[in-house]
Amino acid sequence: MATARNPARPLAPHLQIWKWGPHMLVSILHRATGSGMATVGTILLVWWLAAAASGRDAYASFLSWFTGDWAALGYILGIGLSWAFFQHLGNGVRHLFMDLGANFELKRNRASSIAAIVFGVVATAAFWAYIMWGR
Amino acid sequence: MGWGTPIGRVRGLGSAKEGAHHWWQQRLTAGANIVLMLWFILSIARMPSYAHGDVIRWLASPWAAVPMVLLIVSVFYHFRLGLQVVIEDYQTGERRVAAMIALNLFTVATAALAIFSILRIALTGSPR
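Chains A and B are the protein sequences, given in the same order.
In this text, residue positions in the first sequence follow this note's numbering: the first is 1, and each later residue adds one.
In this text, residue positions in the second sequence follow this note's numbering: the first is 1, and each later residue adds one.
Be aware that one or more of the hints could be misleading.
As the list claims (entries may be wrong) - Each pair of labels, with its calculated beta carbon distance range:
1. A/Ala71 x B/Arg95: 28 to 34 Å
2. A/Val40 x B/Ala98: 37 to 43 Å
3. A/His14 x B/Trp63: 44 to 50 Å
4. A/Arg5 x B/Ile7: 31 to 37 Å
5. A/Ser27 x B/Val35: 45 to 51 Å
6. A/Ile43 x B/Leu123: 39 to 45 Å
7. B/Ala60 x A/Ile43: 31 to 37 Å
8. B/Val35 x A/Arg110: 27 to 33 Å
Claimed, not checked - Computed list of chain A residues with no C-beta within reach of chain B, every gap over 12 Å:
9. Trp20
10. His23
11. Val46
12. Asp69
13. Leu73
14. Glu105
15. Lys107
16. Arg110
17. Val122
18. Trp128
Calculated from the structure, these hints are not laboratory results.
Fair warning: this is a prediction, and the values are worked out from it, not measured in the lab.
In this text, a Cβ means the ideal position worked out from N, Cα and C, and glycines have one as well.
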């Protein structure tokens with residue numbers, strides 16, 4: 001199978017060839033945020049759950065990686081993963097509409113791409129504002 | 001619009017015998033994830049603190065433990081399907097097979113660890 005591949009064949013146009021637009025940004029962000037959550041997010045979620053189930057000491061050592069001297073790491077991962085979730089959610093809903101055959105007109109497609117980016121940033125800011133000052 | 005016999009076209013399966021299964025499962029889990037992940041994000045935001053006692057008290061309730069197990073199943077299935085597409089796009093031959101096996105092991109192992117941890121908290125209350 002792999003030996004039958006001819007390396008001289010032309011490549012399909014990719015990230016460095018197409019002219020960038022918002023629709024392209026949300027497309028690659030969808031893959032990047034999904035892959036990031038599936039790896040980093042999964043490991044953190046499972047570590048958190050397993051540490052909580054293992055008892056007080058294991059949970060304290062989990063928390064020590066993201067608080068105190070390591071608080072910066074906690075904020076980077078927390079804000080990064082929450083933004084990845086909201087970005088993936090916003091563009092995911094956009095994709096569900098496109099699966100129905102809607103939203104392929106150039107102007108609307110562009111507008112919904114920008115809306116997905118704005119939603120990702122605004123929802124992340126609202127989430128952290130609530131955690132810091134809202135409760 | 002298709003090859004093969006009329007009955008084969010009606011069934012819409014083709015020689016792969018699978019049709020749109022992967023695509024459809026990805027959409028179904030996407031819909032479930034919207035509900036489950038918004039519940040989870042709100043629960044995280046409304047938790048009084050992230051101290052051990054507060055987390056255990058939250059997860060010991062059936063109203064948190066059951067949706068959390070459902071979330072693990074739906075979200076992990078969704079990311080397994082998604083990462084499969086990423087692997088298929090960038091890897092070929094033996095490397096693709098090895099990456100797919102690694103992905104399946106990663107998904108099953110992390111899901112088992114997560115579900116066992118949730119059930120332990122839910123069924124035993126606060127472990128010391």
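**Prompt:** Does the claim that A/Val46 lies off the interface hold, with its Cβ farther than 12 Å from every Cβ of chain B?
**Reply:** Label violated. Min Cβ-Cβ 5 Å, cutoff 12 Å.
**Asked** Is it true that the C-beta distance of A/His14 to B/Trp63 lies inside 44 to 50 Å, as the hint says?
**Response** holds, 47 Å
**Asked** Taking the closest pair, is the beta carbon of A/Arg110 still more than 12 Å from chain B?
**Response** It holds; A/Arg110 is separated from chain B by about 23 Å at its closest Cβ, greater than 12 Å.
**Request:** Examine each Cβ of chain B, and state whether all of them lie more than 12 Å from the Cβ of A/Glu105.
**Result:** holds, 22 Å
**Asked** Is it true that the C-beta distance of A/Ala71 to B/Arg95 lies inside 28 to 34 Å, as the hint says?
**Response** Taking Cβ atoms as reference, A/Ala71 and B/Arg95 lie about 39 Å apart, which means the hint is violated.
**Asked** Beyond 12 Å from every Cβ of chain B: is that where the Cβ of A/Lys107 lies?
**Response** About 25 Å separates A/Lys107 from the closest Cβ of chain B, which puts it past 12 Å; holds.
**Asked** Between A/Ile43 and B/Leu123, does the beta-carbon spacing fit 39 to 45 Å?
**Response** Violated: the Cβ-Cβ distance is about 24 Å, outside 39 to 45 Å.
**Message:** Quick check: does the Cβ-Cβ distance between B/Ala60 and A/Ile43 fall within 31 to 37 Å?
**Reply:** For A/Ile43 against B/Ala60, whose Cβ atoms are near 24 Å apart, the range 31 to 37 Å is violated.
**Message:** Given a hint of 31 to 37 Å, does the C-beta separation of A/Arg5 and B/Ile7 actually sit inside it?
**Reply:** This hint holds: roughly 35 Å between Cβ atoms.
**Request:** Could you check that no beta carbon of chain B comes within 12 Å of the beta carbon of A/Val122?
**Result:** Fine: 14 Å to the nearest Cβ keeps A/Val122 off the interface.
**Prompt:** Does A/Trp20 really sit off the interface, with its C-beta more than 12 Å from all C-beta atoms of chain B?
**Reply:** holds, 20 Å
**Asked** Is it the case that A/His23 keeps its Cβ farther than 12 Å from each residue Cβ in chain B?
**Response** About 19 Å separates A/His23 from the closest Cβ of chain B, which puts it past 12 Å; holds.
Comparing the model with each numbered hint stated earlier shows that hints 1, 2, 5, 6, 7, 11, 18 do not hold.
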